[in-house]
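Trainee: Chain by chain, the residues:
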Amino acid sequence: MTDAIIQVKDLRKTYAGGTEAVRGVSFDVRKGEFYGFLGPNGAGKTTTINMLVNLVKKTSGTIMIDGIDLDRNPQEVYKRVGFAMQEIGLDETASAREMMQLHGRLYHIPKDRIDSQIAKLLKLVELEKVADRYTSTYSGGMRRRFDLALSLLHEPKILFLDEPTQGLDPHARQLIWGHLRELNKAGMTVFLTTHFMEEAEELCERIAIMDKGQIVTCGTLQELLDEHKVKTLEEVFLKTTGSNLGEEEGNPNATDPYSRNRM
Amino acid sequence: MNTFLSDWYYLSIRNIKQIWRPLLALIPSLFIPIFFFFVNSQSLSAFSHVAGFPNVSYKQFIAPVAIFTAIFFSAGNAGIELVQDISNGYLKKLLIMPINRLAILAGKFSEVAVQAVFQGGIVIVLLFIAGVRYNTGILGILASFGILILFAMGWSCISMISALRTQNARLVQSLFVVVFPFLYVTTSQAPINLLPPAFATVARFNPVTYVIEGVRALVLGTWGDPRIWEGFLVSLVFFVVMTSITLVSFQKTLK
Numbered sequence: 001m002t003d004a005i006i007q008v009k010d011l012r013k014t015y016a017g018g019t020e021a022v023r024g025v026s027f028d029v030r031k032g033e034f035y036g037f038l039g040p041n042g043a044g045k046t047t048t049i050n051m052l053v054n055l056v057k058k059t060s061g062t063i064m065i066d067g068i069d070l071d072r073n074p075q076e077v078y079k080r081v082g083f084a085m086q087e088i089g090l091d092e093t094a095s096a097r098e099m100m101q102l103h104g105r106l107y108h109i110p111k112d113r114i115d116s117q118i119a120k121l122l123k124l125v126e127l128e129k130v131a132d133r134y135t136s137t138y139s140g141g142m143r144r145r146f147d148l149a150l151s152l153l154h155e156p157k158i159l160f161l162d163e164p165t166q167g168l169d170p171h172a173r174q175l176i177w178g179h180l181r182e183l184n185k186a187g188m189t190v191f192l193t194t195h196f197m198e199e200a201e202e203l204c205e206r207i208a209i210m211d212k213g214q215i216v217t218c219g220t221l222q223e224l225l226d227e228h229k230v231k232t233l234e235e236v237f238l239k240t241t242g243s244n245l246g247e248e249e250g251n252p253n254a255t256d257p258y259s260r261n262r263m
Numbered sequence: 001m002n003t004f005l006s007d008w009y010y011l012s013i014r015n016i017k018q019i020w021r022p023l024l025a026l027i028p029s030l031f032i033p034i035f036f037f038f039v040n041s042q043s044l045s046a047f048s049h050v051a052g053f054p055n056v057s058y059k060q061f062i063a064p065v066a067i068f069t070a071i072f073f074s075a076g077n078a079g080i081e082l083v084q085d086i087s088n089g090y091l092k093k094l095l096i097m098p099i100n101r102l103a104i105l106a107g108k109f110s111e112v113a114v115q116a117v118f119q120g121g122i123v124i125v126l127l128f129i130a131g132v133r134y135n136t137g138i139l140g141i142l143a144s145f146g147i148l149i150l151f152a153m154g155w156s157c158i159s160m161i162s163a164l165r166t167q168n169a170r171l172v173q174s175l176f177v178v179v180f181p182f183l184y185v186t187t188s189q190a191p192i193n194l195l196p197p198a199f200a201t202v203a204r205f206n207p208v209t210y211v212i213e214g215v216r217a218l219v220l221g222t223w224g225d226p227r228i229w230e231g232f233l234v235s236l237v238f239f240v241v242m243t244s245i246t247l248v249s250f251q252k253t254l255k
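Chains as they are written, first to last, in the working numbering: chain A, 1 to 263; chain B, 1 to 255.
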């Protein structure tokens, strides 16, 4: 694939203790594509996305981001990617504006550009009025929206999103989806992990279903339905993973079994 | 500007802002050193008449301990804030930015240093009002800051290593009490010649003894006193060793 902006080959992660979280994953994401990783909790989605941004060291395999080998030049990769994590990760002793100013400076964005970016992004996520409040006072939806704005501050080419609407009410989820569609329309490549069927159907051009550390099937929604001779994505999911997302969601401890090892 | 310097500067500003948030948290770390100074200087003042005690008031003798304690109290916050950054995921955000990772650690040291100057400065002013004088003058005050800040930055590494290794806020917070054995098995209350032999032997192996003696020499002695340079050297070695261990912990945690 010549226009691939993310190229992953035989990616593996085995944690200390022998748990194989990711077992030989390969895929390409095209420039400007909205690509989704769907899978039950514990399938290896978060480990994979964390390896793509170098937060988790891979055991083996290659990762190329915008033509750059992540192993050789991670700093150049960091400039090109934005990441909204599942756990959000805000500095609760700072206001939204302070955090954005700090991040702008750490990304070496010129000061006047930082100010205009802050104004634009806070407007986009509808947080202008609360920009000077400590982020610790924000609701779950506001935190997610702010985190999205923060990850866009340096105008990354690729936006990585790990379960971006987890824990949000339907209204907040629609709001985030709207922002993501707009960003993708404007040319940004989006890589999303989710365990919400509806989210993958609504947003993703191509969907890879992951289970037990491997990609079990991949394609557009129509391709998946045709290939597996079923009528819904849920049926594809059940057929390929044999698991039921509802049951998985019922186990909060299954969210990320590797969280202690991920730092 | 060099990337490291620029990253260090901005991360330092972020960390320094945390010192004042909340402002009330600073009160105990200022109150305790002054409280113990007044209690000890009154209750133990007769000690200065014992044969073998230097020819100074007990108040003057224990003043360096109050300054040390005030500055030491600045060292624990770095670890507590680091464990907060780890547990809420903010450290990960920093790690995927194109910044020099050493600047994250250096930014923590800046916070310790600024808080040390702030707290130590207030305690020195209060000691001055109480009648304590530095024989070596303003330069002596600056030199004691040098010794104490290096030591405080080194000590902050203990809490940062614990934060990185355990990611447990309660454990990092509880490490605060570790200072007391180090502080009291020293010459903090009496000169080494008046300590029981076994106690004196342990005190000689305690780095805090050299730090307190270094500052004491700046308060009571002259620039020719070798304890000043010993105190500086011990603080420097302690800082370098602890920083190296922290860097290794930092790298290991990120693997």
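Worth double-checking, as some hints may not be accurate.
[Claimed, not checked] Subject to a maximum C-alpha distance of 20 Å in a straight line, what follows is the list of computed PhoX-like cross-link-like pairs (lysine-lysine): (1) A:LYS212 with A:LYS239; (2) A:LYS185 with A:LYS31; (3) A:LYS57 with B:LYS252; (4) A:LYS239 with A:LYS229; (5) A:LYS57 with A:LYS31; (6) B:LYS92 with A:LYS57; (7) B:LYS92 with A:LYS79.
Bear in mind the hints are in silico, worked out from the structure with no lab data behind them. Remember, predicted model here, so these are calculated numbers, not experimental data.
Trainee: Are the hints correct? Go through all of them and say.
Mentor: Checked hints:
With a CA separation close to 14 Å, the supplied pair LYS212 of chain A and LYS239 of chain A stays within the 20 Å bound. Between LYS185 of chain A and LYS31 of chain A the alpha-carbon distance is near 12 Å, which keeps this suggested pair within the 20 Å criterion. For the proposed pair LYS57 of chain A and LYS252 of chain B, the alpha carbon gap of about 11 Å is at most 20 Å, so the pair holds. For the hint linking LYS239 of chain A to LYS229 of chain A, the alpha-carbon distance of about 10 Å falls within 20 Å, and the restraint holds.
For the hint linking LYS57 of chain A to LYS31 of chain A, the alpha-carbon distance of about 25 Å lies beyond 20 Å, and the restraint is violated. Only pairs whose Cα atoms come within 20 Å are accepted, and LYS92 of chain B paired with LYS57 of chain A is accepted, the gap being roughly 13 Å. At most 20 Å may separate the alpha-carbon atoms for a hinted pair to count; LYS92 of chain B and LYS79 of chain A meet this at roughly 15 Å.
Of the numbered hints stated above, the single one contradicted by the structure is hint 5.
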